[in-house]
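Those protein sequences? They're chains B and Y, same order as listed. Our numbering puts the last residue of the first sequence at 339; the count rises by one with no breaks. Our numbering puts the last residue of the second sequence at 339; the count rises by one with no breaks.
Keep in mind that the hints were calculated from the coordinates and are not lab data. Since no wrong hints were added, every one of them can be taken at face value.
No copy is singled out in the list; a pair is fine if it fits within one copy or between any two copies.
Listed below are the simulated DSS-like cross-link pairs for lysine-lysine, each with C-alpha atoms no more than 30 Å apart in a straight line:
(1) K141 x K115
(2) K300 x K129
(3) K321 x K287
(4) K149 x K106
(5) K171 x K114
(6) K300 x K287
(7) K265 x K114
(8) K114 x K266
(9) K114 x K321
(10) K171 x K241
(11) K284 x K226
(12) K129 x K241
Protein chains: 2
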Amino acid sequence: MITKNQVKYIQSLGQKKWRDSEHVFIAEGPKLVNELLTAANCKIIQLYALKEWIDQIKPGGEVIEVTIDELQKISQLSTPNQVVAIAKKITWESEAVLEGNISLALDEIQDPGNMGTIIRLADWFGVKNIFCSMNCADSYNPKVVQASMGSITRIRIEYNDLPMWLKKNNGLSVYASVLNGDDVTKMEKINEGILIIGNESKGISDQVLRLANARITIPRRGKAESLNAAVATGIILSHLI
Amino acid sequence: MITKNQVKYIQSLGQKKWRDSEHVFIAEGPKLVNELLTAANCKIIQLYALKEWIDQIKPGGEVIEVTIDELQKISQLSTPNQVVAIAKKITWESEAVLEGNISLALDEIQDPGNMGTIIRLADWFGVKNIFCSMNCADSYNPKVVQASMGSITRIRIEYNDLPMWLKKNNGLSVYASVLNGDDVTKMEKINEGILIIGNESKGISDQVLRLANARITIPRRGKAESLNAAVATGIILSHLI
Chain B
99 MITKNQVKYI
109 QSLGQKKWRD
119 SEHVFIAEGP
129 KLVNELLTAA
139 NCKIIQLYAL
149 KEWIDQIKPG
159 GEVIEVTIDE
169 LQKISQLSTP
179 NQVVAIAKKI
189 TWESEAVLEG
199 NISLALDEIQ
209 DPGNMGTIIR
219 LADWFGVKNI
229 FCSMNCADSY
239 NPKVVQASMG
249 SITRIRIEYN
259 DLPMWLKKNN
269 GLSVYASVLN
279 GDDVTKMEKI
289 NEGILIIGNE
299 SKGISDQVLR
309 LANARITIPR
319 RGKAESLNAA
329 VATGIILSHL
339 I
Chain Y
99 MITKNQVKYI
109 QSLGQKKWRD
119 SEHVFIAEGP
129 KLVNELLTAA
139 NCKIIQLYAL
149 KEWIDQIKPG
159 GEVIEVTIDE
169 LQKISQLSTP
179 NQVVAIAKKI
189 TWESEAVLEG
199 NISLALDEIQ
209 DPGNMGTIIR
219 LADWFGVKNI
229 FCSMNCADSY
239 NPKVVQASMG
249 SITRIRIEYN
259 DLPMWLKKNN
269 GLSVYASVLN
279 GDDVTKMEKI
289 NEGILIIGNE
299 SKGISDQVLR
309 LANARITIPR
319 RGKAESLNAA
329 VATGIILSHL
339 I
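Put together the whole structure using the sequences plus the hints.
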């Protein structure tokens, strides 16, 4: 049983301002919620779930049994999937370590699906940190959380004034993904540095691009004007690492 | 000015059965529509556009001037963008040529965004043909068309019984993207063959996988369980080609 106020509260968490003021986010579906339940740096506050999920998982903490109709009301998905969790935003005990790691810097990645996919592929390639410009999609947007498939608990994501942040880290090599740079398939592998990915239609802003040491490109053989930002990130990481 | 019947007709084209019976599809936005207008194998039947677009482009054929409110009614996008086109499905004068080319075979790629992104990246890498299992997303789904960014006019897309089709083409090397195959970053480049990409949660079906000569994998360094299907396709193509 779920109250009107609870429905209203959960729906409000679809908006960034409420997630920020409450310092929480929503995650849905058994696979994602199970990952959050076992992640050491994620604290689930409330679970709204169908009886079958509760009986199977037997989670601790506050669990509210809901009907399919109630789940529909609080779900952000077109097809609700057994459980909705409200969790505290992920916390990290120590500072980000850039030395000896490859980090991503995202300049105005606005599509939540792209953002989530990039978080997930960072996790595939062992990238530990993603630094986002302030105008990137919010990493706790429900669509980002769903597309990241639990990788948000393993990847540190920070929002900064990107040019300022890059200036502060100017000891590291900074690679910019552009349309007219060096062929990434012919570059030497690296084990440290920052890879900048730009907005899909506008690319990397001049202000940010100026701070890169190297410009790299995925060679094109056909006629498409550009590659999807997440696809480009995956291809570059697979060649650089 | 647009009539109620026209609105109803255009809205109906969001559904596959009406696109199939009418043999048409919808495309939106100046960039995509301009690409279709210049593609030799695409015939636009009707354009519904704002005055500003008509004045700037001066397209031939049937053009209906609409207001922003009217455009909103017929658009499939959350933010309508100047023009909606109804076009005949793309036609090809000759048969698909597999020899000397790399082709993609998609086994149950259901997400329209993934499908469109794969079409676009095929076009980036010079892949000419995509063969889809019957349960893939429809390549004329408006979301696929938008995500493909005009590449649908350059890539031949066919739907077949995939196991049957693979058996018919057993003279070519068939590579399957799986989680436990040979490291794709260490393989020799190829200039001919078929690359199979499977459904994101289920992977490639047994029936299809059995028909592959080689199993290839993108090495994982982190903890994500899987990669997005479009990202995986892009990474594999960038290493194979």
